[in-house]
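Engineer: Listed here are the chains, written in short residue letters.
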Amino acid sequence: MNGRTHERSAWSWWYLLLIIQFVVVLWPPFYNSVEPVWAGIPFFYWYQMLWVIIAAVLTAIVYFATER
Amino acid sequence: MQEVNWTALIIFIALFGFITWLGFAAAHWRKGDLDLLHEWGLGGRRFGTLVTWFLVGGDLYTAYTFIAVPALAFGAGAIAFFAVPYTIMIYPILFLAFPRLWNVCHKHNYITPADFVRGRFGNRWLALAVTITGIVATMPYIALQLVGLQVVIGAMGVGGTGYAADLPLVIAFVILAAFTYSSGLRAPASIAIVKDILIYITAFAAVIVVPIQLGGFGHIFAAVPPAKLLLAVPGANTTGAYGIYATLALGSALALFLYPHSVTGILAASSGHAIRRNAALLPGYSFMLGLLALVGFFAIAAGVGTAPEFAAGFKQFGNNFAVPALFLHSFPAWFVGIAFAAVGIGALVPAAIMSIAAANLYTRNIHREFINKNPTDKEEAQMAKWVSLIVKLGALIFIIFVPTQYAIYLQLLGGILIIQTLPSVLLGVYTRWFNDWALLVGWAVGTAAGIWMFDAANWTPNYPLVIAGHTFPGYSALYTVILNLVIVIVLTPVFNAMGGRHADATVAADYHG
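Top line first, the protein sequences correspond to chains A and B.
Those letters in the first sequence? Residues 1 to 68, by our numbering.
Those letters in the second sequence? Residues 1 to 513, by our numbering.
Careful: at least some of the hints might be erroneous.
Some but not every residue of chain A turned toward chain B, in silico, with C-beta under 10 Å [said to hold, decoys possible]: (1) W13; (2) I19; (3) V25; (4) Q48.
Per the computed footprint, the stretches of chain B lying under chain A, defined by three or more beta-carbons under 8 Å from a beta-carbon of chain A, are [what the hints assert, rightly or not]: (5) 82 to 96; (6) 229 to 237; (7) 360 to 372.
The following label-pair restraints were derived from C-beta to C-beta distances [unchecked claim]: (8) A/V57 to B/A236: 57 to 63 Å; (9) B/N458 to A/W11: 30 to 36 Å; (10) B/N458 to A/V57: 48 to 54 Å; (11) B/R30 to A/P29: 45 to 51 Å; (12) A/L17 to B/L50: 23 to 29 Å; (13) B/I197 to A/W38: 46 to 52 Å; (14) A/P29 to B/I371: 51 to 57 Å; (15) B/I197 to A/T66: 28 to 34 Å.
Note that these hints are calculated values from the structure, not bench results.
Backbone N, C-alpha and C fix where the C-beta goes; we use that ideal spot for every residue, glycine too.
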């Protein structure tokens, strides 16, 4: 029983932040366009590259918020 | 083929010589008793955050990836960029599930994913299924690393006729086999540091220098045919390219950390904390992979596909020649040597880890389970060393005697196979609710359905699933693992009622640090 309470305390609402990066890249119609172009790069490409960075930042936030 | 590029070749050989020395010297790094399997096969679980970053980065972002993803962009366009959402989605999985796996494996001295399944579900046949799946999925992956090596060696003008043409490959593999045998996981871990630095230098140089030469990103994307620039908008009653893109990304993400070599790299970390930190740091490699995918477009814009001096290379290696051709076109010979060494060394790191992972699987989950139940520690480690040699020899023979295309087919199929271990390994980290026999049946059905879909789709990973008049073309791995999971959920209460359930060797507290 002791193990069980331990397991429950391991859950954190911060983990929900990690869902964002699934949602934003799993729906291609949302980003499958050329416009807006940034520095000559079509939206399709810079949007996904930008999410690599944002996802890493989100993961870092969750890390610092949950690290005991 | 073109003349031998001596400047590039000398630099390539010099760097190769350096990592060969490093591979052998690594045996003395963070010294441990290499007669113990967890010392040889997991580097003593001693790698901190930084070394783990290099090791797992070198393990997952393989030489073949760096050749094949830009090649796909070069040939097929936007679809190749699925590698980016794919590598975005792997890190939450790493962050959440793998510190738990690390903890339980550390506690019970589990070395392989099948060790964990054996302990968690107590069923040796389920563990055997996980083992065989792991070995079968890994073998063609090792063979494919050789393709990356072959392409850069060929691009430097080193060739020959008949089996002499394969001599450089054989030499590279003998070196690889020797230092893996003597140093174990410490060898690829130390070499990964060199390899990753070289790859970063190469990627950033390419992304800065080539666009300047070609007149900026605007010009580059203008040169890409419109049909390749974006995903094709699906027609009526189908999810078309959108469905393929999303399912390929998600299915690949779910499959990645089930590969034995991924697990080996992660279990070698010194703590669950190091793994969590790496989930935030490893996306650095994803960013580089995205940049390298764009290099496929650079190759289109530079017109290397129609340049006469590269015609022979494209004829021999297909679109995989796009990146080497671009480098030969855009950079001085000395830098080509560095870039090609990055790819060549980049092939050895994952190949070493994969062969170690396959060797650990055989030793622990087949030999110890079914043949010699009570080996001494030394016998166990020695067995793994021998098996790592056999595995590499098998990959080498495969790539020399069988057309490359078959290795590519088998590697694609490997993704569909390995994902079938998701319920027992990845979900097993969270729950013991599943019945072990139900997991085994789910695995068998998922595997059979996956092979059938792969064959029905003419040996491609995307199957056009039809439901009520709508077509959902998508990655068979994702479809079949859902089928697998549904079967497991339905059969679990049935098998539980029949009373056939094994004990769990782990307790909840084992999963926390």
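Engineer: So, for every hint listed, does it hold in this structure?
Structural biologist: Here's how the hints hold up against the structure:
{"no.": "1", "hint": "W13", "result": "13 Å, violated"}
{"no.": "2", "hint": "I19", "result": "8 Å, holds"}
{"no.": "3", "hint": "V25", "result": "4 Å, holds"}
{"no.": "4", "hint": "Q48", "result": "4 Å, holds"}
{"no.": "5", "hint": "82 to 96", "result": "holds (count 9)"}
{"no.": "6", "hint": "229 to 237", "result": "holds (count 4)"}
{"no.": "7", "hint": "360 to 372", "result": "violated (count 0)"}
{"no.": "8", "hint": "A/V57 to B/A236: 57 to 63 Å", "result": "40 Å, violated"}
{"no.": "9", "hint": "B/N458 to A/W11: 30 to 36 Å", "result": "45 Å, violated"}
{"no.": "10", "hint": "B/N458 to A/V57: 48 to 54 Å", "result": "42 Å, violated"}
{"no.": "11", "hint": "B/R30 to A/P29: 45 to 51 Å", "result": "50 Å, holds"}
{"no.": "12", "hint": "A/L17 to B/L50: 23 to 29 Å", "result": "25 Å, holds"}
{"no.": "13", "hint": "B/I197 to A/W38: 46 to 52 Å", "result": "29 Å, violated"}
{"no.": "14", "hint": "A/P29 to B/I371: 51 to 57 Å", "result": "54 Å, holds"}
{"no.": "15", "hint": "B/I197 to A/T66: 28 to 34 Å", "result": "31 Å, holds"}
This entry does not satisfy hints 1, 7, 8, 9, 10, 13, going by the numbered hints stated previously.
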